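Trainee: Just so you know, the protein sequences line up as chains A and B, in that order.
Okay, so the first sequence: first residue is 1 according to my numbering, each after it adds one.
Okay, so the second sequence: first residue is 324 according to my numbering, each after it adds one.
Simulated from the structure, these hints should not be mistaken for laboratory data.
Note that the coordinates shown come from a computational prediction; the quantities given were computed from them, not determined experimentally.
Check the hints yourself; a few may be wrong.
[To be verified] Only some residues are given here: those of chain A computed to face chain B with a beta carbon under 8 Å: (1) E5; (2) R50; (3) K230; (4) Y304.
[Said to hold, decoys possible] Stretch by stretch, here's where chain B covers chain A in the computed footprint (C-beta under 8 Å, at least three residues): (5) 137-144; (6) 149-160; (7) 232-246; (8) 310-320.
[To be verified] One-sided excerpt, in silico: chain B residues whose CB lies under 7 Å from chain A: (9) T387; (10) T428; (11) Y431; (12) I490; (13) L735; (14) N835; (15) V978; (16) I993; (17) P995; (18) A998; (19) D999; (20) E1054.
All C-beta atoms, glycine included, are put in the ideal place defined by N, C-alpha and C.
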Amino acid sequence: MNRFEWTDAATVHEAISQLNGRAVVKAGGVDLLDRLKEGLEAPQRLVNIRNIRGLDRIEEGKDGLRIGPLVTLARLSEDKLVLERYTALAQAAGRAATPQIRNMATAGGNLLQRPRCWYFRQEEFHCRRKGGERCFALDGENQYHAIFDNQLCAIVHPSALAVPLMAFGARVVLTGSKGAREVELERFFVTPEQDIMRENIIAPDELITEIKVPRLQPATRSFYIKQGEKESFDWPVADVCAVLQTKGNVCLKASIVLGAAAPVPWRASKAEASLAGKVINEQSAREAARLSMEGATPLAQNRYKLAVFEAIVRRAILRQASS
Amino acid sequence: MQTRFIGKPMPRKEGREKVTGRARYIDDITMPGMLFGATVRSPVPRGRIKEIRFDPQIPWDEFTIVTAQDVPGSNYVALIVNDQPYLADRLVNHAEEPVLLLAHTDKYLLEEARRAVRLEIEPLPPVFTLDESDEKKEIIWGEDNVFKSFLVEKGNVDDVWAGADFIVEGEYRTGAQEQLYIETNGVIAVANPEEGVTVWGSMQCPYYVHKALIKLFNLPEDKIRVVQTETGGGFGGKEEYPSMIAGHAALLAWKSGKPVKIIYDRAEDMAATTKRHPSRTRHRTAVTRDGRLLGMEIDFVVDGGAYATLSAVVLSRGTIHAAGPYNCPNVRIRSRAVATNVPPHGAFRGFGAPQSIFALERHMNKVARAVGLSPEEFRRRNFIREGETTATSQVIREAVDMQRLVERAFELSDYRDKQERFARENESARVKRGVGFASFMHGAGFTGSGEKYLQSIVGAEATPEGRVRILAANTEIGQGTNTIFAQIAAEALGLDFEQIEVAQPDTANVPNSGPTVASRTTMIVGKLVESAALSLRQTLQNSKLLADSYSPEDFSRACRDYLAKYGQLKSFSQYKQPAEIDWDDEKYRGDAYGAFAWAVYVAEVSVDTLTFEARVEDFVAVQEVGRVINPTMAAGQIEGGVAQGIGYTLFENVVWRGGRMINNQMTNYIIPTTADIPPIRVHFEEMPYEHGPGGAKGIGELPMDGAAPAILNAIENATGLELNQIPLMPEQLMEAFRGEHA
């Protein structure tokens, strides 16, 4: 770790004005501290946004839910409103990391985590994502890596919140020196083909200032399942969120997003389409699960993920039928 | 026997200091003018050092730089075989091998400097696995890659095959495992020709470090001082390695003339320091139709890594435990520790026994199946009893009753009912459940003549406050040394618990009571604590300052009176081997251990046939360990060991690439969390051991032995899959399932 300067920002504007040179934003500091210790980044300045007022609210308006970027995962997982209406989001927040980390980690920070790829996280591997020539995972240790869109760089996106948020059709507001812009979360994340050195479009002088989740259609339920190697203190090896709008036991519309499957949260479009208009039962769930893996290109060590995803996609769909 | 402290859940002596944050670990300590030290390590597994290049961007004249040329004495870590250099000279034999040391006051600049040293190394062909090493295609150590080999012979195994009704063979493998103590390795050294060398640090065995530094600096004993600071866990990982890091800090201190601190971060600690030896065991077993063992032939190989370190003794313990608690008339065990170009493997709780016991207890299930008996019935017919002999022809002199332990464990775990119920339910279930068990023993104390050669000494000293202070080199590493010693001494002397202090292990102040390893601290050293305390009392009574009958206050007064009169009072006690222990080092035959702890562990598992997760749902640990000194701590030891064993079996996968551990971070070296650990129900059968303090036997390593085979036996019960390699990851379970159903 290097020496750095520490700035406490009281307002969004103050934070943005400090974000020049080799400065980085610090909210919960969870992933940032890791990156500093791992020698991946050596910023000159940390701009602490933790104390900016107003960025830690959860509010429901007529157009949906607004989540401040400083809302902690712990709060998100316990918030009554979120639990009742946006169940999968509370579940994803509650299954992430550990109780201690959830008390510190923020919603914004969760979306902006850098990948957990071993090669990316070890400074001695100068991989494509760090401007190098190779993706070491392609012929290396790739058991945790992507099974879709993995030809250039096989990272998986590490954010647990991104999975339900994308399934709910969330948008993020980014505020920078040139003003604010609002983008769909689906367009916020970038694929390796679009830009191999980043996971999202945020500019160095921008902050996430709000996360907006649209108001849900009536009779819409959601469920999130995370499969990890251990019960706590771990990122998923596979996670899924299924949001289903139903009439009786017929599915009107399905939104299914997979995490830890691709370099971005991965929409299982064929699975979604297959469920529309169908009765939700073992057979349709199984078919959707199978379709969710269609087109997967597993690497040498991660073929097992297909079986895991099929199991949890099926379970996530059926859990709603039974709830 | 009525006791006041033995068998009571006395609170941890240093517990309050630890939970209030007052305990001082090595990284809490700082010294005026102190430099920070860093280690430049080899990036390649084997090669010749051609050149060391220093990036001109760094102000090198501000740094203390130490290479092999700066070593004042002998450039090897003195342990068993003197093959491991403190700093590689011309050759490197494993990735992460230390080549050069740097020190500077600014630890940030130091880190930059460490990265700015380039080692030009001409690669030599490396050997990465024990199979490659055993095949000797490339010789990388000595004449045959073999650090050590043993041959244990009992009866004549060659004669049994012709008359056997069944001959059953099997091969079993275990992986490396990282100790993952909470506190990483760290030391501070002060060293100069006038005062000699003093090292403070996190360690298990101050006198090992002491011995190593004598050779490194070529100084007399009294010019070397080693002090253990509060230590955040060891598990064997701080048995031999502290000699290395202490030597490095001392070399930098010697050259710079300033105190030097070296603290490894987690990544360095995981990549560069010792881990559990990977192993391969092959069994060939002859049995009769009615399930009696006729002969066992066992070939046991461990991967020692690049240097000998403790491999010979790890191999020894693994070898002796390889045939387990069974009565078999003909046994041959051949074993060897072989060299590979990976960082040396070393001590880790269980010390070779978890490896060979895993193989044996998986194999016993296989033999039972071949004979057509249940695992428990087959074992029942072969359990060793009082008067019978182990593989080393040691006559068991205790009233051991393994069958009673089995019955107790089955009762507590509801084994038979569960087995029946699961078999019925598994037919249609996606999540299959199963139960399995392992029966085993673990010898306490050093193997064979080890304790005799160690000649451990413990002292007891009267303090000016009228208390008794125990002087021993055995360290508190979280396992309860301080508390146990205080319980033993308070009981022996009839004093209050608070009247006993335990001195900080400091070679300038405590005698060499041997290392804190091998489940020996309570049983062997505790007994010396008792006799040293009693001899201190004898001195007080002989001097007429203490009557035959006394109160704790009388004792304190007597101590103070004695000190007033004679200045000081210290009594010592030295280990004497019990007369009946007889061990032949040449033939590897006889009384391998003074006492064994005996155990039966039952695991219940569930296996998800869609996600291929195996979970341990319930665990029962039944053991006979002599008398339990502190029931809370003893249960804690068992629970911790079982948890570590569950990690060893289902979670902890050291991933090697090019001879390096590449998942040397806690985010990708997965260990179980409390949420992954089932309820662990611990039960002790107590049969006092005559040579242990209060009747105690050793306990520390035992729980590491049983989890892995019990879990894989349970998985076999749940799924019918015969899996003989750990760690067992979901990917392998998936392959096994698909192979099975293909």
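Trainee: If you take the shortest Cβ to Cβ gap from B:T428 to chain A, is it below 7 Å?
Mentor: violated, 13 Å
Trainee: Against chain A, run the beta carbon of B:T387 and see if the smallest gap drops under 7 Å.
Mentor: violated, 21 Å
Trainee: Are A:R50 and chain B close enough, Cβ to Cβ, to be under 8 Å, as the hint says?
Mentor: This interface hint is violated because 23 Å lies over the 8 Å limit.
Trainee: Any CB of chain A closer than 7 Å to the CB of B:V978?
Mentor: Constraint on B:V978 satisfied, holds at 6 Å.
Trainee: Okay, the segment 232-246 of chain A and chain B, do three or more residues pass the C-beta test at under 8 Å?
Mentor: Held - the segment 232-246 of chain A has 4 residues with a Cβ nearer than 8 Å to chain B, which meets the minimum of three.
Trainee: Hint check: is the beta carbon of A:K230 less than 8 Å from a beta carbon of chain B?
Mentor: holds, 5 Å
Trainee: Counting residues of the segment 137-144 of chain A whose CB is closer than 8 Å to a CB in chain B, do you get three or more?
Mentor: holds (count 4)
Trainee: Should the hint that B:I993 touches chain A count as held when the rule is a Cβ pair under 7 Å?
Mentor: With Cβ-Cβ at 5 Å, under 7 Å, it holds.
Trainee: Next item in the hint list is B:L735. Is there a CB on chain A closer than 7 Å to its CB?
Mentor: violated, 25 Å
Trainee: Quick one, is the B:P995 hint okay against chain A at 7 Å, beta carbons?
Mentor: Constraint on B:P995 satisfied, holds at 6 Å.
Trainee: When the nearest CB of chain A is found for B:N835, is that gap smaller than 7 Å?
Mentor: violated, 39 Å
Trainee: Let's test the interface hint: is any C-beta of chain B closer than 8 Å to that of A:E5?
Mentor: violated, 13 Å
Against the hints set out earlier in the document, violations occur for numbers 1, 2, 6, 9, 10, 12, 13, 14.
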